[in-house]
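FYI, in my numbering the residues of the sequence shown are 1 to 172.
Read the hints as simulated data drawn from the structure, not as lab findings.
All of these numbers come straight from a predicted model, not from anything done at the bench.
By construction, the Cβ of each residue, glycine as well, lies at the ideal position given by its N, Cα and C atoms.
Please note: incorrect hints may appear among the correct ones.
Quick list of simulated restraints, FRET-style, between CB atoms [claimed, not checked]:
1. Glu-52 with Asp-11: 11 to 21 Å
2. Thr-8 with Ser-44: 30 to 40 Å
3. Val-34 with Gln-118: 10 to 20 Å
4. Val-145 with Pro-117: 14 to 24 Å
5. Ala-62 with Arg-27: 28 to 38 Å
6. His-12 with His-84: 52 to 62 Å
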Amino acid sequence: MVSSVSQTTLDHLARRLDELAAAFPTRPEVVDPVTLADDMAALSHHLQHAVERAQERFTAPATVHVPERLVLVRLARATAGMAHALDTLGEALTYATTCFQREAVPGLAHSHLRNDPQVLRMLTAEKYVAARARLRDTAADLRTVPPQAGPSAPHATRPAARPAAAPQQTRP
Numbered sequence: 001m002v003s004s005v006s007q008t009t010l011d012h013l014a015r016r017l018d019e020l021a022a023a024f025p026t027r028p029e030v031v032d033p034v035t036l037a038d039d040m041a042a043l044s045h046h047l048q049h050a051v052e053r054a055q056e057r058f059t060a061p062a063t064v065h066v067p068e069r070l071v072l073v074r075l076a077r078a079t080a081g082m083a084h085a086l087d088t089l090g091e092a093l094t095y096a097t098t099c100f101q102r103e104a105v106p107g108l109a110h111s112h113l114r115n116d117p118q119v120l121r122m123l124t125a126e127k128y129v130a131a132r133a134r135l136r137d138t139a140a141d142l143r144t145v146p147p148q149a150g151p152s153a154p155h156a157t158r159p160a161a162r163p164a165a166a167p168q169q170t171r172p
């Protein structure tokens with residue numbers, strides 16, 4: 001029997017994303033390419049696990065009922081946020097890696113800043129901050145339970161009155 005995907009699943013993923021985001025450095029002096037690669041691997045693992053969980057549920061679509069489908073939609077949206085954060089970390093790795101310095105600072109080919117590791121660390125730290133914000137937003141979205149549809153008001157049997165239409169004039 002395949003387990004369902006519930007709000008508890010989303011809460012667990014949100015906690016993991018918050019933990020990962022909290023570990024991201026925000027100061028250039030603590031940026032490390034090896035740790036950055038590890039952070040990317042951890043985020044990639046969470047992303048892959050979320051996608052596999054959704055895929056597992058849809059192998060038998062008849063067993064996935066409306067409440068779980070709504071949770072799966074939220075999980076799919078979260079994977080998009082995670083993928084965006086992973087892309088941002090990929091950009092950070094580009095900046096942090098010396099062999100991509102020219103791409104990190106376009107237009108400064110003849111500048112002394114092109115080879116300045118502090119500039120590249122600052123750019124990397126900025127990307128880390130952007131990825132952190134994305135993961136925190138994604139985690140918050142996972143925790144936010146959409147309002148339940150309550151009993152609807154009875155519908156009127158008559159159509160609503162429409163205002164009288166103004167006479168249309170034809171152009172010659």
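Could you see if the CB distance from Glu-52 to Asp-11 stays within 11 to 21 Å?
-> 18 Å, holds
Distance restraint hint 10 to 20 Å, applied to the beta-carbon atoms of Val-34 and Gln-118 | 18 Å, holds
Distance restraint hint 52 to 62 Å, applied to the beta-carbon atoms of His-12 and His-84 = 21 Å, violated
Between Thr-8 and Ser-44, does the C-beta distance stay in 30 to 40 Å?
-> 23 Å, violated
State, for the Cβ atoms of Ala-62 and Arg-27, whether the hinted interval 28 to 38 Å holds or is violated.
-> 52 Å, violated
Starting from the range 14 to 24 Å, see whether the pair Val-145 and Pro-117 falls in it by beta-carbon distance.
-> Violated, at about 45 Å.
Consistency note: the structure conflicts with the earlier hints numbered 2, 4, 5, 6.
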